[in-house]
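Student: Given only the sequences and the hints, what does the whole structure look like? Please build it.
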Amino acid sequence: MLKLSGVHSYYGNIEALKGIDLEIKEREIVTLIGSNGAGKTTTLKTIVGLLKPKTGQISFNGKDITNVPTPMITKMGICLSPEGRQIFPRMTVRENLEMGAYTRSDKAEIKESYERIYDLFPILLSRNNQQAGTLSGGEQQMLAIGRALMGKPKLLLLDEPSLGLAPMLVETIFELVKEINKQGTTILLVEQNARMALMIADRGYVLETGKIVLCDDAKKLLESDEVRKAYLGE
Amino acid sequence: MFFQQLINGLTLGSTYALTAVGYTMVFGILELVNFSHGAVYMFGAFVVLMLMTALKLNFMLAFVIGVIITGLLGITIDKICLFPLRKKKAPKVASLISTIGVSIFIQNLVMLVWGSETKNFPLVLNLGSINIGSLKISYLQIIIMMIAVVLMAALTIIIRKTKIGKAMRATAQNMEAAKLMGVNVNFVISFTFFLGASLAAVAGVLVGMYYQSVDPMMGFMAGLKAFAAAVLGGIGVLPGAILGGLIIGVSEILAAGYIHAGFRDAIAFGILIAVLIIRPTGLLGKKVQKKV
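Same order as they appear, the protein sequences are chains A and B. Under my numbering, the letters of the first sequence match residues 1 to 234, in that order. Under my numbering, the letters of the second sequence match residues 1 to 292, in that order.
Hints in this document: simulated from the structure, not taken from any laboratory. Check the hints yourself; a few may be wrong.
[Stated by the list, open to error] Under 7 Å between C-beta atoms, here's a sample of chain A residues computed to sit facing chain B: (1) T74; (2) K75; (3) Q86; (4) F88; (5) T92; (6) M99; (7) S105; (8) Y118.
The C-beta atom is built at its ideal place from N, Cα and C for all residues, glycine as well.
Tutor: As structure tokens, then:
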């Protein structure tokens, strides 16, 4: 479904991604783990076109999207729930969700999407007319995921959905990610919480200073000595 | 006497408000004070006047065409002078200086093409006035205030309720996230410049009608005062710009009437400084705390 081959991205003169090869198949949950500064967020930003790769190619369902601008990529069905949530603080919860459906015009289906999201995150319905900036961190995270889902993505990119949340909420969020996947959305999950991510994922990639160093079934990565030592703290 | 001054002040204040929203909208999205806005206001007044005198168009037609031309000028300023700087990620101060340059360029261009002398703005609507006791309200004043109210209401509805308005707010609050939603932010920015410039043109024409004259320097002080109005109300906040405009207009006229005509301009900025010391974010501005 999504394929990155030999992707190099730069921040100014700093090479942040040093040749990433990555593939995601339909209906999978793939996780990208790695420590701070390894290039996880950069990979996601490059996929959605917020950062243009210097060399390499990104294709989505067989189409080359390497140089397609971000809004078009969203329209094609790749939606990102960004790191740090990035909700619109002075818009209501409902308006944030409306923005998620910005590229869509199918009224009946948009209504279904609202229902699906209120179903997944009932708290958002009770906060519907509240300014998003007044929500708690966990609620904002749910709003960010809900907003991304409003774009009716074929591929959902989640950047650190568990960051800064209470342990109870972390589990809830991961349960929801699984549920969203069951409903038919392919997911690329970026996480520092490697154990939880690998537990719900089908496959995993391990990123180290801009390079993929390991790639395997999630279960095998969970058992691998290297991963256990470096990322699971065992 | 007081009510007379109040009406005069509100009339002037409505034109400041119309101009101030342009500052506030552009600042909201780009965090940039667009100092060419005053020149755009003057340009609007001149274009409408020239369409009436040189091309002999009737007032309404000249008004509509002139306002649209000025709106397009707003887009052009952004595309030629600001967009390339944004693309190169130039520091904000570079854009700021660029807008000052644009302002001088427009002023000089107008002087070169139409001359630097003050021009008579024809009395297009000679409707007389209503007298209530000693209070005299001209129909022109009523029309100016009505136009301002209608346009502000329309603008508020556009920004609150329409899809493009929501895209504008989203872009102002988080440009990168707006892109992720599929918003074409370059179009949103152009649209914002168009709205701001055309409202400034309306204000310029109304002031031209009110004082029956226009001159190439008219945008300088008016632009500064409208900017002060935007900051006074809380820059980036739409109702703030409207409130700020009315306060500056009224206080200016009251100062001229009750203290001395020489205090006219000083008082507007005096109020600005006083309010900012007490409320640095302006009257309606608020800081949103970011949650981590």
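Student: Would you mind marking each hint as holding or not holding in the structure?
Tutor: Against the structure, the hints:
1. For the restraint placing A:T74 at the interface with chain B, the shortest Cβ-Cβ distance is roughly 4 Å, inside the 7 Å limit, so the hint holds.
2. A hinted interface residue such as A:K75 counts as satisfied when its beta carbon comes closer than 7 Å to some beta carbon of chain B; here the least separation is about 5 Å, so the hint holds.
3. For A:Q86, the shortest C-beta to C-beta distance to chain B is roughly 4 Å, which falls under 7 Å, so the interface hint holds.
4. Hint on A:F88 holds. Least Cβ distance to chain B is approximately 4 Å, under the 7 Å limit.
5. A least Cβ separation of about 11 Å between A:T92 and chain B goes past the 7 Å threshold, and the interface hint is therefore violated.
6. The beta carbon of A:M99 is positioned within 7 Å of a beta carbon in chain B (closest approach about 5 Å), and the interface hint is therefore held.
7. A distance limit of 7 Å between C-beta atoms decides the matter here; for A:S105 the minimum to chain B is near 10 Å, and the interface restraint is violated.
8. Hint status for A:Y118 relative to chain B: violated, with the closest Cβ pair at about 19 Å, above 7 Å.
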